[in-house]
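**Student:** Please arrange chains B and C on chain A, whose structure you already have, making use of the hints.
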Amino acid sequence: MNNKMSLRYVAFFLLLAIFIILPFANDSRTLLILLTQIFIFGILAMSYDILLGYTGIVSFGHAMFFGVGAYTTAVMLKQMDNTLLIFVLSIVIGMLLAGFISFLVGLLTLRLKSHFFAMLTLAFSGLFLVLAEKWRTVTYGNDGFTFRAPDIFRDRMTFYFFVLASLVIIFLALYRFVNSPTGRILIAVRENEQRTKSLGYNTLHYKVIASIVAGIVASFAGSLYAVSLRFVNTSVMAMDITLDALLMTIIGGVGTLVGPLLGAAVIEYAQHALSGLARDYPIFERWIIFFGILYILAVIFFPKGIIGTLRLLFWKWRGKLKQRKSQVALPQEKERFE
Amino acid sequence: MTTLLTLNEVHTHIGQYHILQGVNFEAKEGQVTVLLGRNGAGKTTTLKTIMGLTPATKGEIAFRSHSIKKNPTYKVAKLGIGYVPENQGIFADLTVEENMKVAMRKEDSETLERQQYVLDLFPDLKKFWKKAGGHLSGGQKQMLSMARAFINDSQLILIDEPSKGLAPIVVEKVMEAIVEMKKKTSIVLVEQNFMMASRIGDTYTLIDDGRTVHAGDMQDLIHDEELKRKYLGIG
Amino acid sequence: MELLVNLIINGLATGMLIFLLAAGLTLIFGLMDVLNFAHGGLFVWGAYAGIFTYMFTESFIVGIIGAIVTGALLGLITEKFIITPVYGNHVQQILITLGLMLVLQELIKVFFGPNGVAVKTPSYLAGSWEIGDVIIIKYRLFIIVIGFVIFGIFQYMLKRTKIGLIVRAGVQDKEMAQALGIHIKRVFLYVFMVGAALAALSGMLMAPYSGVIYAEMGMEYAILGFIVVVIGGMGSFSGSLLAAILVGLAGSFMAYYVPVLSLAVNMILMAIVLIFRPQGLFAMRKERTS
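Line by line, the protein sequences are chains A, B and C. Read in the working numbering, the first sequence has 210 at position 210, and its numbers run on one by one without any break. Read in the working numbering, the second sequence has 15 at position 15, and its numbers run on one by one without any break. Read in the working numbering, the third sequence has 199 at position 199, and its numbers run on one by one without any break.
If we strip away everything but chain A, and leave its shape as in the complex, we get (with noise of 0.2 Å):
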């Protein structure tokens, strides 16, 4: 065990000095704006995966916290001033606005079924889509509008340095969440909630609280997201946003924090390559197409995600040198019930 913490501790590391020269080896602009934005997307998508995996609920209704933190953030430095104080301002806003609609709506919805659940997400998310068109006084519709950031992030450089940060400490924040005790009570639910009921826990109390958590990141998200872009249109509500997150977390491994990082990393310069060979080839112009059947297939053949396999083959591997010492049978990979 000891090695094996140590081992992720050196990985951790390596990982981060990589990123914190990467910039300096390479001065490419796309790259940096890549991994700003695969950043981003992986703070979006490790708030999802406190959800999906780790309590195991499935939300239709992300990119609603997403869109509120990015149009808090957006209409505040527009509005008001494109001050490093307003900014941080708008994040804490964003994240208590969105904290209060995740509570709402979860104190609401949560009792459901999953089935109900995610359509009610859904419908929810709809709704707030359709605000963000018809509060044209505000967010000027489906054209969206520019706004100044502040002057601190004007340089690249810096804003990739603020969200490499931000992503660092979340990461932090919630690992160290998922391993607490609330942490442990949302796995249960996950596996049994009736049986985590039954030991007399409030499980919906709980999954109201991880509802809450990943609300306040995912708008954490959106608020770095809009000024990344400096400027912000209802696309910042649509599905789209629910969905890359969705496929983030499921390519990169459900319940393993590390793993919707690394399937942030992977979409999005998926995205990327295909929105350039797009241009040579129309066909790419629907790459959605591609993720879409991507997504499938995953759900289907890889439901645990590249984490979660590569863990999987770790313990068949170590379970194998176990039992060539000992004997002792490796323990069966347990079923989801439903």
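These are computed hints drawn from the structure, not numbers from a lab. Among the hints, a few may not be true.
Which residues of chain C face chain A? A partial, calculated answer using Cβ under 7 Å [stated by the list, open to error]:
#	residue
1	Leu35
2	Glu58
3	Val91
4	Ile94
5	Leu95
6	Ile96
7	Gly99
8	Leu102
9	Lys109
10	Val110
11	Gly113
12	Ile223
13	Met267
In silico BS3-like cross-links for lysine-lysine, where the CA-CA straight-line distance does not exceed 25 Å [what the hints assert, rightly or not]:
#	chain 1	residue 1	chain 2	residue 2
14	C	Lys162	B	Lys130
15	C	Lys185	B	Lys101
16	C	Lys162	B	Lys126
17	B	Lys127	C	Lys162
18	A	Lys113	C	Lys174
19	B	Lys69	C	Lys185
20	B	Lys70	C	Lys185
A few chain A positions that, by computed beta-carbon distances, are all more than 10 Å from chain C [what the hints assert, rightly or not]:
#	residue
21	Val75
22	Met80
23	Leu172
24	Ile187
25	Phe231
Note that the structure is predicted; figures quoted are calculated from it, not measured. Where is the CB? At the ideal position from N, CA and C, for every residue including glycine.
**Tutor:** Relative to chain A, chains B and C alone:
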């Protein structure tokens, strides 16, 4: 007497739980075979495993010496095994008539004859012919469920705890019906009520912790106080 | 008076289209315990396949048949390759059907182009009747009639035929239905195909009504379909008709009087139903003795 059904070292997993860990028994033609055992011993799961509702993971199940272990439930039923589950499995929204009709695989004269026979056996069903299944009493549901299992020339009927939750006088009726049905078909019965089981059973199989621990003639068990005390907590 | 009649006819027509969409959803859910998030994809494919057949053959009837056949075939493929592998796992079902929705929607853009397509009502259904000072648009009445006819046919099938009996039994207790010798998986497949065909028909009929078809319409109407299924009670066929009419009327009146609230009103309806009567307003009795 030919053997209708044989279970040989049957294991069943439900999710991560290993419920049946070696069940053996035989059901012979024209007999009532009773499965006995404590609550949670695996009697209901044994019936479900025969029906393919919780498929066996190991071992062999043969009906008329054909393996049915891998058969899906509907095929098991079509081979001629009727099933009366613990909760009777009545379709609540369907009338008594519709409950019978949905079970009928053919509507030939033979089937209609058998329908007449079960209606004579359970006159209540005739009386409530157009009533929704959900509005029947527990005893009537039990009768309907048995009638439904019988309607398709079933050679073997699996009945799970027919006396559960019924008033003694209704239990008596159900038991009489089983004795009557035994003339036309063979029966595997799960029953907690030992008095009832011993009255209508020909042979017994004792299941404990998912394993067959004893089997034999009912008459022998009735006199074996020690066995009864050990596995049934009576005697 | 004229306004009232028009709003009611509007609401009923919309309601009927949503009903056709929701009927499949509710049957599939009731029987298979699958909430098909790709249902809107079948709807939009019905619209495109039907309308392109209609434009090609210049026969609206052939177009309708084209839509139904397309829907049934897509239903077959969906059930076999998308639903079956994840049967019994709700989370995976939700995820995978949504993925399919995405693929179906994007494929529309690949095959038929990314832009909307304008649709004309066939001449014999175009125009309107004037009764006194009330103007009734023919096509809307046509939709209402079709809706009621289909409801009648299905209601008859469900109540009076052996197939309907089997479906109803399966909705209530799948295990028992199988234990009575019913090949429930095959029933699933047929019901899924029929549900998909209904969704496709709904899309096809919607096309001349809204005048334009576009890839995203699937998701938009699917949400209405979900709302109807929730309000009507999952698995309840007649419940979905009543709920669809309710949603259609609420939408039509709101669109006229308080346009901003026209989508919100259905959401609010659904929220209220879920809070106070989560099994739906017209839910079936479902016995759970064990």
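**Student:** Please go over all the hints and tell whether each is borne out by the structure.
**Tutor:** Right, here's what the structure says about each hint:
1. About 4 Å separates the beta-carbon of leucine 35 of chain C from the nearest beta-carbon of chain A, less than 7 Å, and the hint is met.
2. Because the beta carbon of glutamate 58 of chain C sits about 30 Å from the nearest beta carbon in chain A, more than 7 Å, this interface hint is broken.
3. For valine 91 of chain C, the suggested interface contact is upheld, since its CB lies about 6 Å from the closest CB of chain A, less than 7 Å.
4. About 5 Å separates the beta-carbon of isoleucine 94 of chain C from the nearest beta-carbon of chain A, less than 7 Å, and the hint is met.
5. Among the interface hints, the one on leucine 95 of chain C holds; its C-beta lies about 5 Å from the nearest C-beta in chain A, closer than the 7 Å criterion.
6. Taking 7 Å as the C-beta cut-off, the interface hint given for isoleucine 96 of chain C holds, the closest approach to chain A being about 4 Å.
7. Hint on glycine 99 of chain C holds. Least Cβ distance to chain A is approximately 4 Å, under the 7 Å limit.
8. The beta carbon of leucine 102 of chain C is positioned within 7 Å of a beta carbon in chain A (closest approach about 4 Å), and the interface hint is therefore held.
9. Below 7 Å, beta-carbon pairs count as interface contacts, and lysine 109 of chain C has one with chain A at about 6 Å; its hint therefore holds.
10. The restraint placing valine 110 of chain C at the interface with chain A holds, with a minimum CB-CB distance near 5 Å, inside the 7 Å limit.
11. Interface restraint check for glycine 113 of chain C: the shortest CB-CB distance to chain A comes to about 11 Å, outside 7 Å, so the restraint is violated.
12. Evaluation of the isoleucine 223 of chain C hint against chain A yields a held restraint, the C-beta minimum of about 6 Å falling below 7 Å.
13. Checking methionine 267 of chain C against chain A: minimum C-beta separation of about 5 Å stays under 7 Å; hint holds.
14. Only pairs whose Cα atoms come within 25 Å are accepted, and lysine 162 of chain C paired with lysine 130 of chain B is accepted, the gap being roughly 16 Å.
15. For a cut-off of 25 Å, the pair hint linking lysine 185 of chain C to lysine 101 of chain B stands: about 20 Å separates their Cα positions.
16. At roughly 20 Å between alpha-carbon atoms, lysine 162 of chain C and lysine 126 of chain B fall within 25 Å of each other, so this suggested pair holds.
17. For a cut-off of 25 Å, the pair hint linking lysine 127 of chain B to lysine 162 of chain C stands: about 23 Å separates their Cα positions.
18. A threshold of 25 Å between alpha carbons decides the hint, and for lysine 113 of chain A with lysine 174 of chain C the separation of about 19 Å falls inside it, so the pair holds.
19. A threshold of 25 Å between alpha carbons decides the hint, and for lysine 69 of chain B with lysine 185 of chain C the separation of about 19 Å falls inside it, so the pair holds.
20. This hinted pair checks out: lysine 70 of chain B and lysine 185 of chain C have alpha carbons roughly 16 Å apart, not beyond 25 Å.
21. For valine 75 of chain A, the non-interface assignment is confirmed: its Cβ lies about 20 Å from the closest Cβ of chain C, beyond the 10 Å cut-off.
22. The Cβ of methionine 80 of chain A sits about 27 Å from the closest Cβ of chain C, beyond the 10 Å cut-off, so the non-interface label holds.
23. Against chain C, the non-interface label of leucine 172 of chain A holds: every CB pair exceeds 10 Å, the least being about 28 Å.
24. Consistency note on isoleucine 187 of chain A: stated as away from chain C, and its beta-carbon is indeed over 10 Å from all of that chain's, at 14 Å minimum.
25. The non-interface label for phenylalanine 231 of chain A is consistent with chain C: the shortest C-beta to C-beta separation is roughly 22 Å, beyond 10 Å.
Consistency note: the structure conflicts with the earlier hints numbered 2, 11.
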